[in-house]
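Peer 1: Sequence:
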Amino acid sequence: MKKSCTVIKIGYTGGGTATHTGRGSILGLSMETLIIALALNSAAGLAAYLRGAFTPGGLAAGVATGTVVYCAGGPWSWCVMGAFVVSSSLLGGYRKGEKRNMARIQEKGGRRDWLQVMSNGAVGCAMILLHRTIGGPLFLLLFAVAFASANADTWAGELGSLARRPPRSIVTFREVPRGTSGGVSVPGLLASLAGASFIALVCLGGAAACGAELPVRWVLWIAAGGFSGSVIDSLLGATVQAQYRDGSGLITERRREKGMPARLVRGFAFITNDTVNFLATLLAVAVTLAAVRLLSPDIP
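Per the working numbering, residue 0 is the first one in the sequence shown, and the count goes up by one each step.
Pair by pair, the computed Cβ-Cβ distance ranges are:
no., residue 1, residue 2, range
1, Leu-161, Ser-295, 34 to 44 angstroms
2, Gly-135, Ala-38, 28 to 38 angstroms
3, Ala-46, Leu-189, 26 to 36 angstroms
None of these hints come from the bench; they were simulated from the model. The beta carbon of each residue, even a glycine, is placed where N, CA and C say it ideally should be.
The whole structure should be built from the sequences, with the hints applied where relevant.
Peer 2: So, in C-alpha coordinates, the structure goes:
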(Lines of atoms letter the chains of each structure in order from A and count residues from 1; the text may use other names and numbers.)
(Lines give C-alpha, C1' and ligand atoms only; values in the text may rest on other atoms or scores of the structure.)
Protein backbone atom coordinates (compact mmCIF):
# COMPACT_ATOMS: atom_id res chain seq x y z
CA MET A 1 0.00 0.00 0.00
CA LYS A 2 1.46 3.35 -1.02
CA LYS A 3 1.91 5.83 1.78
CA SER A 4 0.23 9.19 1.28
CA CYS A 5 2.30 11.13 3.78
CA THR A 6 5.23 13.23 2.68
CA VAL A 7 8.52 11.37 2.31
CA ILE A 8 11.76 13.33 2.17
CA LYS A 9 15.09 12.05 0.91
CA ILE A 10 17.54 13.89 3.12
CA GLY A 11 20.86 12.45 2.05
CA TYR A 12 23.02 14.35 -0.40
CA THR A 13 26.15 12.97 -1.99
CA GLY A 14 27.69 15.17 -4.62
CA GLY A 15 25.16 15.57 -7.42
CA GLY A 16 22.11 14.08 -5.67
CA THR A 17 18.99 16.02 -4.87
CA ALA A 18 16.43 15.99 -2.14
CA THR A 19 13.00 14.86 -3.30
CA HIS A 20 9.55 14.47 -1.84
CA THR A 21 6.49 12.56 -2.96
CA GLY A 22 2.81 12.70 -2.16
CA ARG A 23 -0.62 13.05 -3.70
CA GLY A 24 -3.33 15.66 -3.44
CA SER A 25 -4.09 19.11 -4.79
CA ILE A 26 -2.34 21.32 -2.20
CA LEU A 27 1.44 21.03 -2.45
CA GLY A 28 0.93 17.37 -3.28
CA LEU A 29 -0.76 16.67 0.06
CA SER A 30 -3.56 14.24 0.73
CA MET A 31 -6.37 14.92 3.17
CA GLU A 32 -4.99 12.06 5.25
CA THR A 33 -1.67 13.87 5.68
CA LEU A 34 -3.39 17.08 6.73
CA ILE A 35 -5.54 15.25 9.29
CA ILE A 36 -2.48 13.48 10.74
CA ALA A 37 -0.61 16.78 10.96
CA LEU A 38 -3.49 18.57 12.67
CA ALA A 39 -4.06 15.70 15.11
CA LEU A 40 -0.39 15.39 16.07
CA ASN A 41 0.11 19.11 16.55
CA SER A 42 -3.16 19.65 18.38
CA ALA A 43 -2.34 16.85 20.84
CA ALA A 44 1.25 18.02 21.36
CA GLY A 45 0.19 21.67 21.62
CA LEU A 46 -2.54 20.93 24.13
CA ALA A 47 -0.14 18.93 26.29
CA ALA A 48 2.33 21.82 26.26
CA TYR A 49 -0.44 24.31 27.00
CA LEU A 50 -1.58 22.31 30.03
CA ARG A 51 2.02 22.32 31.30
CA GLY A 52 2.01 26.12 31.10
CA ALA A 53 4.29 26.39 28.07
CA PHE A 54 1.89 28.43 25.90
CA THR A 55 -0.75 31.11 26.15
CA PRO A 56 -3.96 30.42 24.14
CA GLY A 57 -2.54 32.51 21.29
CA GLY A 58 0.76 30.69 21.54
CA LEU A 59 -1.06 27.37 21.37
CA ALA A 60 -2.87 28.38 18.17
CA ALA A 61 0.36 29.64 16.58
CA GLY A 62 2.20 26.50 17.62
CA VAL A 63 -0.40 24.19 16.13
CA ALA A 64 -0.39 26.19 12.89
CA THR A 65 3.41 26.23 12.70
CA GLY A 66 3.74 22.55 13.46
CA THR A 67 1.08 21.63 10.91
CA VAL A 68 2.86 23.58 8.18
CA VAL A 69 6.20 21.99 9.06
CA TYR A 70 4.77 18.46 9.07
CA CYS A 71 2.84 18.92 5.84
CA ALA A 72 5.74 20.55 4.00
CA GLY A 73 8.60 18.47 5.38
CA GLY A 74 7.19 15.29 6.86
CA PRO A 75 8.08 13.51 10.12
CA TRP A 76 11.79 14.37 9.96
CA SER A 77 11.28 18.14 9.92
CA TRP A 78 8.50 17.88 12.51
CA CYS A 79 10.83 16.02 14.88
CA VAL A 80 13.52 18.67 14.40
CA MET A 81 11.06 21.42 15.32
CA GLY A 82 9.70 19.28 18.17
CA ALA A 83 13.19 18.85 19.61
CA PHE A 84 13.41 22.63 19.95
CA VAL A 85 9.95 22.98 21.49
CA VAL A 86 10.35 20.14 23.99
CA SER A 87 13.90 20.95 25.09
CA SER A 88 13.21 24.66 25.49
CA SER A 89 10.04 23.96 27.49
CA LEU A 90 11.85 21.56 29.81
CA LEU A 91 14.73 23.96 30.37
CA GLY A 92 12.27 26.76 31.06
CA GLY A 93 11.11 24.87 34.13
CA TYR A 94 14.60 23.82 35.24
CA ARG A 95 15.54 25.52 38.54
CA LYS A 96 12.73 27.97 37.86
CA GLY A 97 12.90 29.50 41.32
CA GLU A 98 16.41 30.80 40.66
CA LYS A 99 15.19 32.67 37.59
CA ARG A 100 12.38 34.63 39.23
CA ASN A 101 14.52 37.73 39.72
CA MET A 102 14.79 38.07 35.94
CA ALA A 103 11.03 38.66 35.66
CA ARG A 104 11.50 42.38 36.33
CA ILE A 105 14.02 42.62 33.49
CA GLN A 106 12.40 40.52 30.80
CA GLU A 107 9.29 41.72 29.01
CA LYS A 108 7.44 38.40 29.02
CA GLY A 109 7.09 35.43 31.33
CA GLY A 110 7.67 31.74 30.76
CA ARG A 111 4.48 31.09 28.75
CA ARG A 112 5.10 31.71 25.05
CA ASP A 113 2.57 33.88 23.23
CA TRP A 114 1.93 33.86 19.49
CA LEU A 115 4.58 36.47 18.77
CA GLN A 116 7.24 34.42 20.56
CA VAL A 117 6.20 31.31 18.67
CA MET A 118 6.35 33.07 15.31
CA SER A 119 9.59 34.90 16.03
CA ASN A 120 11.24 31.53 16.62
CA GLY A 121 9.42 29.48 14.00
CA ALA A 122 8.56 31.73 11.05
CA VAL A 123 11.95 31.51 9.32
CA GLY A 124 12.06 27.74 9.68
CA CYS A 125 8.54 27.50 8.24
CA ALA A 126 9.59 29.62 5.28
CA MET A 127 12.61 27.40 4.60
CA ILE A 128 10.66 24.14 4.66
CA LEU A 129 7.98 25.65 2.41
CA LEU A 130 10.69 26.71 -0.05
CA HIS A 131 12.04 23.18 0.03
CA ARG A 132 8.57 21.81 -0.63
CA THR A 133 7.87 24.12 -3.56
CA ILE A 134 11.32 24.53 -5.12
CA GLY A 135 13.17 21.42 -3.95
CA GLY A 136 16.87 20.92 -3.33
CA PRO A 137 18.64 19.97 -0.08
CA LEU A 138 19.87 23.49 0.66
CA PHE A 139 16.52 24.63 2.06
CA LEU A 140 16.44 21.57 4.33
CA LEU A 141 19.81 22.60 5.71
CA LEU A 142 18.63 26.18 6.25
CA PHE A 143 15.46 24.91 7.92
CA ALA A 144 17.59 23.01 10.42
CA VAL A 145 19.82 26.06 10.97
CA ALA A 146 16.77 28.21 11.76
CA PHE A 147 15.65 25.93 14.58
CA ALA A 148 19.23 25.34 15.73
CA SER A 149 19.55 29.11 16.11
CA ALA A 150 16.33 29.37 18.12
CA ASN A 151 17.38 26.44 20.29
CA ALA A 152 20.88 27.80 20.86
CA ASP A 153 19.51 31.13 22.04
CA THR A 154 16.98 29.46 24.33
CA TRP A 155 19.52 27.13 25.93
CA ALA A 156 21.93 30.04 26.41
CA GLY A 157 19.27 32.08 28.20
CA GLU A 158 17.90 29.26 30.37
CA LEU A 159 21.23 27.73 31.40
CA GLY A 160 23.50 30.77 31.18
CA SER A 161 21.31 32.61 33.67
CA LEU A 162 22.24 29.98 36.27
CA ALA A 163 25.96 30.69 36.03
CA ARG A 164 27.71 31.59 39.28
CA ARG A 165 29.09 34.85 37.91
CA PRO A 166 26.95 37.62 36.39
CA PRO A 167 27.02 37.89 32.59
CA ARG A 168 28.88 40.61 30.74
CA SER A 169 27.69 42.77 27.88
CA ILE A 170 28.86 41.31 24.58
CA VAL A 171 29.65 44.89 23.47
CA THR A 172 31.15 46.66 26.52
CA PHE A 173 32.22 43.56 28.52
CA ARG A 174 30.83 45.17 31.67
CA GLU A 175 28.86 43.10 34.13
CA VAL A 176 25.09 43.26 33.64
CA PRO A 177 22.20 41.76 35.66
CA ARG A 178 21.15 38.21 34.82
CA GLY A 179 18.55 38.14 32.07
CA THR A 180 19.75 41.36 30.42
CA SER A 181 19.58 41.24 26.63
CA GLY A 182 23.08 41.22 25.17
CA GLY A 183 24.62 39.69 28.28
CA VAL A 184 26.86 36.65 27.75
CA SER A 185 28.87 34.29 29.92
CA VAL A 186 31.15 31.33 29.28
CA PRO A 187 28.52 28.85 30.57
CA GLY A 188 25.90 30.59 28.43
CA LEU A 189 28.05 30.38 25.29
CA LEU A 190 28.75 26.71 25.95
CA ALA A 191 25.02 26.11 26.47
CA SER A 192 24.36 27.90 23.17
CA LEU A 193 26.80 25.65 21.32
CA ALA A 194 25.26 22.61 23.01
CA GLY A 195 21.75 23.72 21.98
CA ALA A 196 22.76 24.12 18.35
CA SER A 197 24.65 20.82 18.39
CA PHE A 198 21.64 19.08 19.91
CA ILE A 199 19.48 20.07 16.93
CA ALA A 200 22.25 18.97 14.57
CA LEU A 201 22.36 15.55 16.23
CA VAL A 202 18.57 15.26 16.12
CA CYS A 203 18.80 15.93 12.37
CA LEU A 204 21.42 13.21 12.06
CA GLY A 205 19.43 10.68 14.08
CA GLY A 206 16.19 11.57 12.32
CA ALA A 207 17.79 11.10 8.92
CA ALA A 208 19.10 7.68 9.94
CA ALA A 209 15.63 6.71 11.19
CA CYS A 210 14.22 7.71 7.78
CA GLY A 211 16.80 5.54 6.04
CA ALA A 212 18.70 8.56 4.71
CA GLU A 213 22.30 9.63 5.10
CA LEU A 214 23.14 13.07 6.47
CA PRO A 215 26.72 14.13 5.58
CA VAL A 216 28.97 15.03 8.52
CA ARG A 217 29.51 18.48 7.12
CA TRP A 218 25.76 19.11 7.40
CA VAL A 219 25.98 18.44 11.12
CA LEU A 220 28.81 20.97 11.36
CA TRP A 221 26.93 23.56 9.27
CA ILE A 222 23.82 23.21 11.43
CA ALA A 223 25.74 23.50 14.71
CA ALA A 224 27.84 26.44 13.49
CA GLY A 225 24.89 28.23 11.93
CA GLY A 226 22.78 27.80 15.04
CA PHE A 227 25.55 29.06 17.30
CA SER A 228 26.08 32.10 15.07
CA GLY A 229 22.39 32.94 15.48
CA SER A 230 22.72 33.02 19.24
CA VAL A 231 25.73 35.35 19.04
CA ILE A 232 23.88 37.60 16.59
CA ASP A 233 20.92 37.65 18.98
CA SER A 234 23.19 38.88 21.79
CA LEU A 235 24.72 41.56 19.56
CA LEU A 236 21.32 42.84 18.50
CA GLY A 237 20.06 42.68 22.08
CA ALA A 238 22.96 44.79 23.30
CA THR A 239 22.70 47.43 20.57
CA VAL A 240 19.32 47.92 18.89
CA GLN A 241 16.78 46.22 21.17
CA ALA A 242 14.70 48.63 23.25
CA GLN A 243 15.92 48.89 26.84
CA TYR A 244 14.20 51.03 29.47
CA ARG A 245 15.06 52.41 32.90
CA ASP A 246 12.31 52.07 35.49
CA GLY A 247 11.71 54.21 38.56
CA SER A 248 14.20 52.20 40.64
CA GLY A 249 16.97 52.66 38.08
CA LEU A 250 16.79 49.07 36.78
CA ILE A 251 17.40 48.50 33.06
CA THR A 252 14.52 46.41 31.73
CA GLU A 253 12.70 45.35 28.56
CA ARG A 254 9.38 46.44 30.03
CA ARG A 255 7.88 49.69 28.75
CA ARG A 256 5.86 50.14 31.93
CA GLU A 257 6.58 49.20 35.52
CA LYS A 258 3.73 49.19 38.05
CA GLY A 259 1.61 51.22 35.65
CA MET A 260 4.26 53.91 35.19
CA PRO A 261 6.03 54.41 31.84
CA ALA A 262 9.75 53.62 31.82
CA ARG A 263 12.30 55.78 30.00
CA LEU A 264 13.93 54.46 26.81
CA VAL A 265 17.71 54.53 27.34
CA ARG A 266 18.99 52.30 24.53
CA GLY A 267 17.90 50.88 21.20
CA PHE A 268 14.68 51.53 19.30
CA ALA A 269 11.21 51.31 20.81
CA PHE A 270 9.87 49.23 17.90
CA ILE A 271 12.58 46.56 18.30
CA THR A 272 11.44 44.15 21.00
CA ASN A 273 12.93 40.85 22.11
CA ASP A 274 10.59 39.08 19.67
CA THR A 275 11.91 41.25 16.85
CA VAL A 276 15.49 40.42 17.82
CA ASN A 277 14.73 36.69 17.91
CA PHE A 278 13.24 36.82 14.42
CA LEU A 279 16.10 38.90 13.00
CA ALA A 280 18.76 36.71 14.62
CA THR A 281 17.24 33.57 13.14
CA LEU A 282 16.92 35.21 9.72
CA LEU A 283 20.51 36.46 9.81
CA ALA A 284 21.80 33.06 10.96
CA VAL A 285 20.16 31.52 7.90
CA ALA A 286 21.59 34.27 5.66
CA VAL A 287 25.11 33.87 7.08
CA THR A 288 24.94 30.10 6.68
CA LEU A 289 23.66 30.45 3.11
CA ALA A 290 26.56 32.74 2.22
CA ALA A 291 29.10 30.44 3.88
CA VAL A 292 27.70 27.32 2.20
CA ARG A 293 27.75 29.01 -1.20
CA LEU A 294 31.38 29.98 -0.62
CA LEU A 295 32.71 26.78 0.95
CA SER A 296 30.31 24.07 -0.28
CA PRO A 297 29.06 25.29 -3.69
CA ASP A 298 28.20 21.71 -4.72
CA ILE A 299 25.12 21.70 -2.46
CA PRO A 300 22.28 22.74 -4.80
